[in-house]
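Protein chains in written order, with the numbering used here: chain A, 402 to 777; chain B, 402 to 777.
No copy labels: a pair is met if it fits in one copy or bridges any two.
Result set (DMTMM-like, lysine to aspartate or glutamate): computed pairs, CA atoms no more than 20 Å apart in a straight line:
1. Lys647 with Glu697
2. Lys575 with Glu548
3. Lys708 with Glu697
4. Lys653 with Glu532
5. Lys649 with Asp671
6. Lys649 with Glu697
7. Lys653 with Glu430
8. Lys651 with Glu430
9. Lys647 with Asp701
Hints were generated in silico from the structure; no laboratory data involved.
Since the structure is predicted, the reported quantities are computational estimates derived from the model, not experimental observations.
Number of protein chains: 2
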Amino acid sequence: MSEISRNSVGIVSAQTAHFDAPLTLKNGEILPQFDLVYETYGELNASKSNAVLICHALSGNHHVAGKYAETDKNAGWWDNLIGPNKPLDTNKFFVIGVNNLAGCHGSSGPSSIRPKSKKTYGSSFPIVTVEDWVNSQARLLDHLGIETLAAVIGGSLGGMQALQWTIAYPDRIKHALVIASAPNLTAQNMAFNEVARQAIITDPEFYDGDYYAHNTVPRRGLRIARMLGHITYLSDDAMGEKFGRKLKDKIKYSFDVEFEMESYLRYQGDKFAGEFDANTYLRMTRALDYYDPALEHGGDLSKALKKVKAEFLVVSFTSDWRFSPDRSREIVKALLDNELTVSYAEVTALHGHDAFLMPDAHYHAILRAYLQKVEV
Amino acid sequence: MSEISRNSVGIVSAQTAHFDAPLTLKNGEILPQFDLVYETYGELNASKSNAVLICHALSGNHHVAGKYAETDKNAGWWDNLIGPNKPLDTNKFFVIGVNNLAGCHGSSGPSSIRPKSKKTYGSSFPIVTVEDWVNSQARLLDHLGIETLAAVIGGSLGGMQALQWTIAYPDRIKHALVIASAPNLTAQNMAFNEVARQAIITDPEFYDGDYYAHNTVPRRGLRIARMLGHITYLSDDAMGEKFGRKLKDKIKYSFDVEFEMESYLRYQGDKFAGEFDANTYLRMTRALDYYDPALEHGGDLSKALKKVKAEFLVVSFTSDWRFSPDRSREIVKALLDNELTVSYAEVTALHGHDAFLMPDAHYHAILRAYLQKVEV
Numbered sequence: 402m403s404e405i406s407r408n409s410v411g412i413v414s415a416q417t418a419h420f421d422a423p424l425t426l427k428n429g430e431i432l433p434q435f436d437l438v439y440e441t442y443g444e445l446n447a448s449k450s451n452a453v454l455i456c457h458a459l460s461g462n463h464h465v466a467g468k469y470a471e472t473d474k475n476a477g478w479w480d481n482l483i484g485p486n487k488p489l490d491t492n493k494f495f496v497i498g499v500n501n502l503a504g505c506h507g508s509s510g511p512s513s514i515r516p517k518s519k520k521t522y523g524s525s526f527p528i529v530t531v532e533d534w535v536n537s538q539a540r541l542l543d544h545l546g547i548e549t550l551a552a553v554i555g556g557s558l559g560g561m562q563a564l565q566w567t568i569a570y571p572d573r574i575k576h577a578l579v580i581a582s583a584p585n586l587t588a589q590n591m592a593f594n595e596v597a598r599q600a601i602i603t604d605p606e607f608y609d610g611d612y613y614a615h616n617t618v619p620r621r622g623l624r625i626a627r628m629l630g631h632i633t634y635l636s637d638d639a640m641g642e643k644f645g646r647k648l649k650d651k652i653k654y655s656f657d658v659e660f661e662m663e664s665y666l667r668y669q670g671d672k673f674a675g676e677f678d679a680n681t682y683l684r685m686t687r688a689l690d691y692y693d694p695a696l697e698h699g700g701d702l703s704k705a706l707k708k709v710k711a712e713f714l715v716v717s718f719t720s721d722w723r724f725s726p727d728r729s730r731e732i733v734k735a736l737l738d739n740e741l742t743v744s745y746a747e748v749t750a751l752h753g754h755d756a757f758l759m760p761d762a763h764y765h766a767i768l769r770a771y772l773q774k775v776e777v
Numbered sequence: 402m403s404e405i406s407r408n409s410v411g412i413v414s415a416q417t418a419h420f421d422a423p424l425t426l427k428n429g430e431i432l433p434q435f436d437l438v439y440e441t442y443g444e445l446n447a448s449k450s451n452a453v454l455i456c457h458a459l460s461g462n463h464h465v466a467g468k469y470a471e472t473d474k475n476a477g478w479w480d481n482l483i484g485p486n487k488p489l490d491t492n493k494f495f496v497i498g499v500n501n502l503a504g505c506h507g508s509s510g511p512s513s514i515r516p517k518s519k520k521t522y523g524s525s526f527p528i529v530t531v532e533d534w535v536n537s538q539a540r541l542l543d544h545l546g547i548e549t550l551a552a553v554i555g556g557s558l559g560g561m562q563a564l565q566w567t568i569a570y571p572d573r574i575k576h577a578l579v580i581a582s583a584p585n586l587t588a589q590n591m592a593f594n595e596v597a598r599q600a601i602i603t604d605p606e607f608y609d610g611d612y613y614a615h616n617t618v619p620r621r622g623l624r625i626a627r628m629l630g631h632i633t634y635l636s637d638d639a640m641g642e643k644f645g646r647k648l649k650d651k652i653k654y655s656f657d658v659e660f661e662m663e664s665y666l667r668y669q670g671d672k673f674a675g676e677f678d679a680n681t682y683l684r685m686t687r688a689l690d691y692y693d694p695a696l697e698h699g700g701d702l703s704k705a706l707k708k709v710k711a712e713f714l715v716v717s718f719t720s721d722w723r724f725s726p727d728r729s730r731e732i733v734k735a736l737l738d739n740e741l742t743v744s745y746a747e748v749t750a751l752h753g754h755d756a757f758l759m760p761d762a763h764y765h766a767i768l769r770a771y772l773q774k775v776e777v
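Pulled out of the complex, with its shape left as it was, chain A reads as follows (with noise of 0.2 Å):
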């Protein structure tokens, strides 16, 4: 047995799926078409009745577990959670793993080819929702023959999606679980996002959207809106421990790299600005600052979740300051409201936002308990 093989969901390959009955979004646009990418591991059961959905946070993708090629660096980006008798055990369950529209890895998005024209999207392609993602990511179950999914998972903006899954179709969600997440963002959240698409969309090589035609990308922007995401996703005092005060060298007197956090910073937003779209950045934090099912409901998110069915585990990170602990109670106290069924867990870790992606022996003890109960 190779390395990759065990416990891994092993070598994966993505499909995609076409989409030709119009979806009409949030926004009130119709989307006449649209195609969505994703990746499954495990087997569907006879009676259809094991499948997981992951919805994916602001960067992620389809590709959440397994590799392409044995000879891949890294593997898919929940990959230490999913496999076989991992806390989400592909032996019992078959999870699905799918990239939202608007993404750049595959879906319909600005970055790809808009039928028939043979152009770009670019700034034409809508600004979607965390519900559009949701009624699109319904397409793909139908497309797969799901009627009911045993569990709906995400973590951060993920986390949203998996709640907005339970509010629009309580009777296809036996169980949600809801990571790291909120039931809107915060104004100092909104603000960051702020800060990202200004330092984007003022870059000059952004073209009000529509880079692809003069052959650049607004490297820049998309570099800074990385670095900044990064200060946020890790506590102050993960940043303390990982890095402090070290000094790459002798101080300098510079504004080249003195610190060793400056040269983490750099190399991440150097890498993301490679590989990332920057129309594609502006749409996912726009989806989470729009994000706010209890708007409609004059601000009472118990009457917004009065509808759901499901079963939640909703989980929190203390040292989380993007998503506090305090916004994931909010989510338990409507949900209670309603005389749900939740499990709550507050874990203590170092790690800020990201600790939701992070091998955490209690976290991960937490989600395999709960997912052994689920029945399938």
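Fit chain B to the supplied structure of chain A, relying on the hints for placement.
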């Protein structure tokens, strides 16, 4: 009595002191000559024992109190603190405000003309430190014939200067008021500075710091830096109370201003980018990064404060996540280790780091009480 003169220092004017003796900087460079622009309020007494120096923070300057003309819309940046019968009472004290070296309000800095050359310093202006500022401020005291300060006062980066005064010139300082400050920056604080600098430096209009010669300014980068700064000056709760998720209008599903907070941030960013010098901003943030008096003492702040003689008032604010109360307590502990006289107040305040500039009644009462007992 006009409105302006009630409890106000009234109409003020700035003066410039020129220094011809070279100043050796911490980075090894020598500034052969320099100017400092300053203002004074109140009267220096015969024994010259009532002088108080105000040290400014990142974007501050020498215009601390009063107005230049009755028609001025705004008074100096700490006008709520300083004036006849105000907490820092100009009936008792002779107050000095000074613009730091590398500033952009009249003291020698990147945007000023290098003597003889008729060209701006631009990128050639040195990267100065808190220690350099204090040394240059000591020259200003010499120029004014003041040997000893009754007090030195500063908030944030200004507090670092106040602390440094007590280390570098223990015999010239009776009292130090160190407000909303820290003995060094955390990795997270430095990370925000790095993102701000990278936004400026990667702006195509930056021209390696010599944008003056190109008749332009890196406005986009400076705007992003300032927007980011504003998020860190306010607490999450203060942003929540001030803006929350309030919309400007109906949601438009766009990247334009949708939420009130976005409008505020853009306004602050635009205003600052039109007024402040980017090269100054870079240098102010680097001075913050580098300040770390414990570094030469194996990280032991108590040892760094061994020669200090001043009495201290240290003030922090509960909601300040940029310079948290924990950081002020580190200063207090190190002072107490040296058996110095220290008063410490942790003020309950909503407004985050910005609280040090606000006329909170409890905060001002503490400053008033402390300054009343300062003997002159």
